[in-house]
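Given the coordinates of chain L, assemble chain A onto it according to the supplied hints.
Protein chains in written order, with the working numbering: chain L, 1 to 297; chain A, 1001 to 1333.
Among the clues, some could well be false.
Straight-line alpha carbon distances no greater than 35 angstroms define the calculated DSBU-like cross-link-like pairs of lysine-lysine that follow [claimed, not checked]: (1) 22/L x 1267/A; (2) 22/L x 1124/A; (3) 1327/A x 254/L; (4) 1026/A x 1267/A; (5) 22/L x 1096/A; (6) 1098/A x 1123/A; (7) 1327/A x 23/L; (8) 22/L x 1308/A; (9) 1173/A x 56/L; (10) 56/L x 1098/A; (11) 1098/A x 254/L; (12) 1173/A x 23/L.
In short, the hints are calculated from the structure, not lab data.
If you're wondering where the values come from, they're calculated on a predicted model, not measured in any experiment.
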Amino acid sequence: MAKESWLTQFPEMERADLTAIKKGLDGAYREFSRTYGDAIESIFDPLLYFLVWFEKLLLQTPWWLVIIVVTAIVHWAARSNKLSVGVVIAFCLIGYFGMWDNTMRTLSIITVCTLVSIAIGIPTGIVMARSDRMQSIINPILDIMQTMPAFVYLIPVVMLLGIGKIPGVIAVVIYAVPPVIRLTNLGIRLVDKEVLEAATAYGANKSQRLWDVQLPLAMPTIMAGINQTIMMALAMVVVASMIGVKGLGQPVLKSITNQYFTLGLFNGLAIVALAIIFDRVSQAYAKRTQKHLEGSH
Amino acid sequence: MKRLVGAALVMFGMMATAQAGEACGKITIADMNWSSATVIAHVDQFILQHGYGCEAELIPGDTMPTTASMMEKGEPDIAPELWSNSGRDAIEQAVKDKRLRIAGNSLADGGEEGFWVPEYMVKKDPSLATIAGIMANAKLFKHPEDDTKSGFVTCPAGWNCEVSSGHLFKALKLADAGFEIVDPGSSAGLSGSIAKAYERGEGWFGYYWAPTAVLGKYKMVKVDFGSGIKFDHFTKCLTQAECENPQPSMYPPSPVHTITTEAFAAKSPAAFDYLSKRSFKNDQMNVLLAWMEENQAEGDVVMEEFLKNYETTWATWVSPEIAAKVKQALADL
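Chain A on its own, in the form it takes in the complex:
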């Protein structure tokens, strides 16, 4: 018995030394279920752990559940990539109430949304890059269940983009050209339908967003509505559930934020400072995501690739001493 207790104590001792934390203590980072967010989460984890001595743990997340839990329970501490358009009012309120703090833009250029068609279709017929060309060639975009109709693949049910793309569908009068809205059910269903069309060279027309691994891998062209961005109309009408008279407008870049809980920001100002500086350019993220897809890599592998090969980028986010610590830790990997 005694020996057993002794062994247990030794094991506990080993565990304790393995995760000795310093100033910033135990924190949790939301690891969202899409590629760019998972890459950023892993980068944050590594830098916070080795540069700032945090005991950073990744926990799985998704936009809505994570924001709700951060507001109500103060956990997780960090959401590294939050597309804040969908819950903007709630987030603004929480910032006012001192529950959340916006650290900075995780994607410097913002997210890019729109209606897309595969590049190979546009190469064959350049007019397909415009909405008029698509409506004239509606027959190219087959509806999965009804041969007499054409399909427009919308955003999954319940997402905010489902509302805006539904209004745009009306505003562009796509129904008059024979289109019908096809609900893919989930983001996996949506990307699956793109992959299927692309592998067979079939027609596809629908909503998607960048930077994503899907758009890194399957070259798509954003369809021009010929309307430009009508920012006021977009935010006041197209994104609202009730929009009486929708007008066409391109999607404005959507803000993509790093958000932390107020408690974390107050407790570790140095780590918060890093998060406010940490920001990716879209083309850089696209390259990383394409590399990730190419190598079927997980977030931690891409993190290693990024930290090893893009030092000039991340070194500007931290002080030289911290950069040295991170580099030391990288060498030990």
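One chain only, chain L, in its complex shape:
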């Protein structure tokens, strides 16, 4: 064999240098987590208390009361008898197949993740819509958040915050927040220039234009974003259970390692049922609140 030359072999970095970089960065991260870990952990304490409280609430409430409350919310949001009956049937089946507790845990964490995502996502989307420069900065960050394999940041987060709910919520939010940001941005940017000019002509100031013109007109797009965010959060349930988040993901993982296909299928279907309920409700709600827009064009 001929000696290696840079023509046949890509001129690689020296192994020692690469090791130095890897060790240096890891060491720096360790140092960081040692110094600031406790402080960062205590910032998230209120969120942890809320998560634990909300999960206990769902678990300790009698099952029929949970079904009544959920169905009431669904009916209020969607005003559809068919959907409400479907929700009751889905929850009864979930309970009958012994997945009630895990479903409640997943419901609780997904609700919190969705709220956190909306709370972060909509303001970010507004900022992004108002400045092209912000858009050019935030867009690549969103690309990274959506494509970076979750395990790459999962374990560093565990080193910083330990196993359990908080790192789980962070992992889910990182993955699930981009759609709501992107679609808020898009929705606001798609509002007609003429409409905005008219609002300005009527003497609306910047915040009035945002709250009374841009956001309401962008609402259908924003709702589509929220809907996607919920779906992606549910898809992350299994990944989150890899760092100790209890819920439907745990039995799915268990069934993967033991090849219990039926157990995996049942729990997977429970996740799908939750997803369909969230999806139909948020869509029906969006459609209902946008009714007045129909026929206006």
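Frame of chain L; chain A shown alone:
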């Protein structure tokens, strides 16, 4: 067009000469997703390729999927480090059915399992090396979600050790001392929780196993249950899903095997003979893993380090002619 075909032919020719195989042909080796197994897989690949003329390819694996695929599909050919306790019945059946063959012990001393606490805690309070000391000081081991409880980090859901550590949790009456089982979700979650505790000097009490890079890097002490090993009770009750009256017992060393498919063993007896001799001592593996962690090395780098510096070990696994071939190949690297 003609020129293009010509170029393609030349390229194919180059590829063919680059991977000219001899007697043993094309084989696949499972590259399991933990460090010691990946080191062994790379060593096997190098020795089989250069010593025995196999065209050895590594494919990613994990205990359960790899065993299932070896039994059902006859692929991959070699599982270099299989902790066979978890699927013992299935493996024994497959050996009887002439689907698999057990070549030897990849880890001569067997795997070491148990409940561990960080060494710095034991240095402060030597009583923490015993289960009584841990139960008396339960407050030191914080539960991640509930301040009023103490946490015992168990083995990831679905692993066989989750069953045994759950029974031991009951047998040792840890719940009475305020402990609750914390599920880390995955092996990465488990080692992450150890790393977090260790970096901050916090309390940690849970299940782990050796030889692993984690225990090479973070010094831990195995907790003594004061019960010794009750082998019969362990295999008949503690490792079974149903165990009515669990009694405390230390973990017996678990067998760690090199397993091949019957087809491979029949086709290349010389290579199979090497696999049956290839066996690591635990302390040697721990040193290698610590070196791996220290240098953040990949399996192939550790393989090089091992073959270059531990010739006395691996030379006993192969005949002198083959050792010479391997050494020649090492020099060409």
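For each hint, the structure was consulted:
Taking the CA atoms of residue 22/L and residue 1267/A, the gap is about 43 angstroms. The hint is violated against a cut of 35 angstroms. Of the pairs offered as hints, the one joining residue 22/L and residue 1124/A holds, with about 33 angstroms between alpha carbons and a cut-off of 35 angstroms not exceeded. A distance of roughly 44 angstroms separates the Cα atoms of residue 1327/A and residue 254/L; the hinted pair therefore is violated under the 35 angstroms criterion. With a CA separation close to 11 angstroms, the supplied pair residue 1026/A and residue 1267/A stays within the 35 angstroms bound.
A C-alpha spacing of about 47 angstroms is found between residue 22/L and residue 1096/A, which places the hinted pair above 35 angstroms, so the restraint is violated. A C-alpha spacing of about 51 angstroms is found between residue 1098/A and residue 1123/A, which places the hinted pair above 35 angstroms, so the restraint is violated. Annotation: proposed proximity of residue 1327/A to residue 23/L holds, straight-line Cα distance about 31 angstroms (limit 35 angstroms). For a cut-off of 35 angstroms, the pair hint linking residue 22/L to residue 1308/A stands: about 24 angstroms separates their Cα positions.
Restraint check for residue 1173/A and residue 56/L: satisfied, since their Cα atoms lie roughly 25 angstroms apart, inside the 35 angstroms limit. Distance hint between residue 56/L and residue 1098/A is unfulfilled; the C-alpha atoms sit about 53 angstroms from each other, more than 35 angstroms. The suggested pairing of residue 1098/A with residue 254/L holds, with an alpha-carbon distance near 29 angstroms, which does not exceed 35 angstroms. About 42 angstroms separates the Cα atoms of residue 1173/A and residue 23/L, which puts this hinted pair outside 35 angstroms; it is violated.
Hints 1, 3, 5, 6, 10 and 12 from the list above are not met by this structure, while the remaining hints are.
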